[in-house]
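**Q** Take a look at the letters that make up each chain.
There are 2 protein chains.
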Amino acid sequence: MRQSKLFSRISKTPPREEISRNAKFLVQGRFIDKLMAGVYTYLPLGLRVIKRIEQIIREEMNAIGGQEIYMPALHPLENYIITKRDKIDVLFHLESASGKKLVLGQSHEEIIVPLVKKHISSYKDLPLYLYQIQVKFRNELRAKSGILRGREFAMKDLYSFHKDENDFEKYYQSVQAAYHNIFRRVGLGDLTYLTYASGGTFSKYSHEFQTITPAGEDNIFLCEKCKIAVNKEMIEAVEHRCPQCENDDLKLKKAIEVGNIFPLKTKFSDAFDLKYIDQAGQKKPIVMGCYGIGLGRVMGTVVEINSDQKGIIWPKAIAPYEVHLILLDKQPKIKEIAEKAYNSLQKQGVQVIYDDRLESAGVKLNDADLIGIPIRLIISEKTKDKIELKFRNSQQPLLLSQDKVMETITEYYQS
Amino acid sequence: MRQSKLFSRISKTPPREEISRNAKFLVQGRFIDKLMAGVYTYLPLGLRVIKRIEQIIREEMNAIGGQEIYMPALHPLENYIITKRDKIDVLFHLESASGKKLVLGQSHEEIIVPLVKKHISSYKDLPLYLYQIQVKFRNELRAKSGILRGREFAMKDLYSFHKDENDFEKYYQSVQAAYHNIFRRVGLGDLTYLTYASGGTFSKYSHEFQTITPAGEDNIFLCEKCKIAVNKEMIEAVEHRCPQCENDDLKLKKAIEVGNIFPLKTKFSDAFDLKYIDQAGQKKPIVMGCYGIGLGRVMGTVVEINSDQKGIIWPKAIAPYEVHLILLDKQPKIKEIAEKAYNSLQKQGVQVIYDDRLESAGVKLNDADLIGIPIRLIISEKTKDKIELKFRNSQQPLLLSQDKVMETITEYYQS
Chain A
1 MRQSKLFSRI SKTPPREEIS RNAKFLVQGR FIDKLMAGVY TYLPLGLRVI KRIEQIIREE
61 MNAIGGQEIY MPALHPLENY IITKRDKIDV LFHLESASGK KLVLGQSHEE IIVPLVKKHI
121 SSYKDLPLYL YQIQVKFRNE LRAKSGILRG REFAMKDLYS FHKDENDFEK YYQSVQAAYH
181 NIFRRVGLGD LTYLTYASGG TFSKYSHEFQ TITPAGEDNI FLCEKCKIAV NKEMIEAVEH
241 RCPQCENDDL KLKKAIEVGN IFPLKTKFSD AFDLKYIDQA GQKKPIVMGC YGIGLGRVMG
301 TVVEINSDQK GIIWPKAIAP YEVHLILLDK QPKIKEIAEK AYNSLQKQGV QVIYDDRLES
361 AGVKLNDADL IGIPIRLIIS EKTKDKIELK FRNSQQPLLL SQDKVMETIT EYYQS
Chain B
1 MRQSKLFSRI SKTPPREEIS RNAKFLVQGR FIDKLMAGVY TYLPLGLRVI KRIEQIIREE
61 MNAIGGQEIY MPALHPLENY IITKRDKIDV LFHLESASGK KLVLGQSHEE IIVPLVKKHI
121 SSYKDLPLYL YQIQVKFRNE LRAKSGILRG REFAMKDLYS FHKDENDFEK YYQSVQAAYH
181 NIFRRVGLGD LTYLTYASGG TFSKYSHEFQ TITPAGEDNI FLCEKCKIAV NKEMIEAVEH
241 RCPQCENDDL KLKKAIEVGN IFPLKTKFSD AFDLKYIDQA GQKKPIVMGC YGIGLGRVMG
301 TVVEINSDQK GIIWPKAIAP YEVHLILLDK QPKIKEIAEK AYNSLQKQGV QVIYDDRLES
361 AGVKLNDADL IGIPIRLIIS EKTKDKIELK FRNSQQPLLL SQDKVMETIT EYYQS
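Protein chains in written order, with UniProt numbering: chain A, 1 to 415; chain B, 1 to 415.
Since the hints were made in silico from the structure, they are not lab data.
Backbone N, C-alpha and C fix where the C-beta goes; we use that ideal spot for every residue, glycine too.
Errors might be hidden in some of the hints.
Have a look at the derived ranges for each label pair, beta carbon to beta carbon [what the hints assert, rightly or not]:
id	chain 1	residue 1	chain 2	residue 2	range
1	B	D89	A	E165	47 to 55 angstroms
2	B	E381	A	E407	53 to 61 angstroms
3	A	Q395	B	Q176	50 to 58 angstroms
4	A	Q396	B	G281	40 to 48 angstroms
5	B	S121	A	N62	43 to 51 angstroms
Restricting the straight-line Cα-Cα distance to at most 20 angstroms, the calculated cross-link-like pairs of lysine to aspartate or glutamate (DMTMM-like) are [as the list claims (entries may be wrong)]:
id	chain 1	residue 1	chain 2	residue 2
6	A	K310	A	E322
7	A	K101	B	E140
8	B	K144	A	E95
9	A	K265	A	D278
10	A	K34	B	E78
11	A	K5	B	D278
12	B	K100	A	E17
13	B	K136	A	E95
14	B	K100	A	E95
Some chain A residues flagged as far from chain B (calculated, every beta-carbon gap over 10 angstroms) [unchecked claim]:
id	residue
15	D167
16	Q282
17	I337
Kindly produce the complete structure, drawing on both the sequences and the hints.
**A** Written out as structure tokens, the structure is:
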């Protein structure tokens, strides 16, 4: 991609109305654009990041047997009357032309349970794992922290259906492992902890995945021995001890909830009378779990964690491009070298953004730091027949031959 | 994918409430599930088809310089007051918790024009081509024809921004070519015609892409010489003659509108005062075009066109799987052959769905015809060490060695 053509030009100043670090960098770097509070457009750079996060999540969901579907956002209100969730604050209400009362999906239990009920009946159909990557709408009174808490946001939601609690428990463990994989792959692994949280009215616990950062809105107590945590809301219930090792030396930390997994037991199955016939011909209730990850929230959290005062430092697995090639000279012969390098990188399958703009060196280097592509290549009069390569997360530029540059890129992205 | 695990089991009977051929087959074959009129869930098989259509569209949009973005569905009503579209019937109205009046996006001119205005200003920023693949909401009084006219549906919408009419015209031609590529690639090429349609209040013409089928709701007059058509609504305006060759021997046909391209001139630019500064420092209005394709509508139209009385015949470029492997025997030694073939096909990178269910041969063969995977492989006691291969669009089964089967599959999908 030629940066001269990229929509849109990177801003020279951070947006005034955004307070959170993630929104400042993401808006200034033209990853996202704010339409109104909690409602953002994903611009080309931002959408590339989201698509990469989406693909990592999809791979990990498929690996644990998830089947991908896509449910609508328009829901009949009547389904929420059945589950007694028709009065919850975050529902957007609307009406069809024929007068039917509708809401926008803030989650999909009310849709997936009747769907599954229509399609399955026997123990042979279980277990069943269905997920989607789809848009949720929540009518938050105060949307805040950039894309961390939106009114409209993409979410992966997985629902599992089981013949009994034992079967559910086994799968719940697999999802925990898959979630750890996802957060490791997107670059949040070291700071993300399985966290005991409230189970609401119908389950003792649920679990969150909390990423430690001063920007977090949640407070968690961390057990450094077990690498797990307890949400503050639950700390009394566990008597200020780690639920696994009983250690009482827990560390209070600020954190962002990047995912949650929830035993639903038979709450929604009972509401819609979702049952199966077991081998003995008996009707039994189906045990459920649900498992969410907000894609924008993951992206925002990655920026909170992986950034310095100059801008974002994208983890390589979700960077919008692999390489940022920058031409720092206006002479035709230097430009020719850069154009050749751009074509050559593309031919070798490298995802490259090429700063061919007529901007000053200062602007170009600041922009590169802001948008945070992992590898920066500079071609200028000074580099002669070589290329300067610098990793975004290092201060040390390397002056390398073109072949060595390609070798270094390949090595970095294959490791 | 093992069919025994696939969500969900194919129905033995077509749905009673669906009238259109596409909805009958798609619902019975478990590609889609109806939540309410005009609102469908995409089940695993259907979502795979949609994703393939999406990817073809994306490739063709990128090939003509399109940059992909993703705009939200929640829109401020105030933007529609500016364009005087706040009273149009199909808008869903809702309100935020803080009392802000919102609508759901039925199209995105009201969002993209202010977005572009915020980000560009100079002739150097033009032309600009932005597209998204996103969900639209239209509060249709009567949703009908399965997924052909929905209340919620995925759409690709491209918007182009130009410094003058000439530049717009050139790009409009490129989009026409890209659209022909898309419809050819998804299997609608032979029956899809560029069609002159009304330009509304602000343009002489727009163009539709109309696919000829008795299931169509539109009437078009076809010029077989030029391979173009005129929508019935425009036939008086062109005096019953082909606008290109003046031929007056036009054939009346039923057709489905699978895409449209529209010169917007400066209608929306004027509304939001979207201008650019030209080389002489003068402010000039930006000329726009918009270009839509409904993904579900393409899928539904493909089914209308590519089906027989037994079911769907997917074009190879958008089939949910490449090969349908069917085991027609319960003996362990035959099952072992089938399992080996399944593993071997997967290892060779073939997208295969394997019917390992304990169903009768009749059910399995009927289901295979219904879901319409292009290549069917049968392993049974009769096939011995060979495999029976049949194309869905042919009556002739072939008895082939395993090597020859792989060769035939490769040849078919590479041609």
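**Q** Check the hint pairing K144 of chain B with E95 of chain A against an upper bound of 20 angstroms on the C-alpha distance.
**A** Distance ~18 angstroms between K144 of chain B and E95 of chain A Cα, so the pair holds.
**Q** Can you tell me whether the CB distance of Q395 of chain A to Q176 of chain B sits inside 50 to 58 angstroms?
**A** At 52 angstroms between Cβs, range holds.
**Q** Does the alpha-carbon distance linking K136 of chain B and E95 of chain A stay inside the 20 angstroms limit?
**A** holds, 16 angstroms
**Q** If we take the beta carbon of Q282 of chain A, is the closest beta carbon in chain B still more than 10 angstroms away?
**A** Q282 of chain A is indeed farther than 10 angstroms from all Cβ atoms of chain B, at 21 angstroms.
**Q** For K265 of chain A and D278 of chain A, compute the direct alpha-carbon distance and say whether it is at most 20 angstroms.
**A** Within the cut-off at roughly 18 angstroms; holds.
**Q** Would the pair K100 of chain B and E95 of chain A pass a check requiring their Cα atoms to be no farther apart than 20 angstroms?
**A** holds, 17 angstroms
**Q** Taking only the CA atoms, is the gap from K34 of chain A to E78 of chain B under or equal to 20 angstroms?
**A** OK: K34 of chain A and E78 of chain B at ~16 angstroms, within 20 angstroms.
**Q** Has the given pair, K310 of chain A with E322 of chain A, been kept, meaning a C-alpha gap of at most 20 angstroms?
**A** Distance ~19 angstroms between K310 of chain A and E322 of chain A Cα, so the pair holds.
**Q** Holds or violated: K101 of chain A and E140 of chain B, Cα atoms, limit 20 angstroms.
**A** holds, 14 angstroms
**Q** Mind verifying the non-interface call on I337 of chain A? Its CB should be farther than 10 angstroms from each CB in chain B.
**A** holds, 24 angstroms
**Q** Regarding S121 of chain B and N62 of chain A, is the given constraint of 43 to 51 angstroms on their beta-carbon distance met?
**A** With Cβ atoms ~45 angstroms apart, the hint holds.
**Q** Compute the least Cβ-Cβ separation between D167 of chain A and chain B, then decide whether it is above 10 angstroms.
**A** Answer for D167 of chain A: holds, closest chain B Cβ roughly 15 angstroms.
In the structure shown, no violation is registered for any of the earlier numbered hints.
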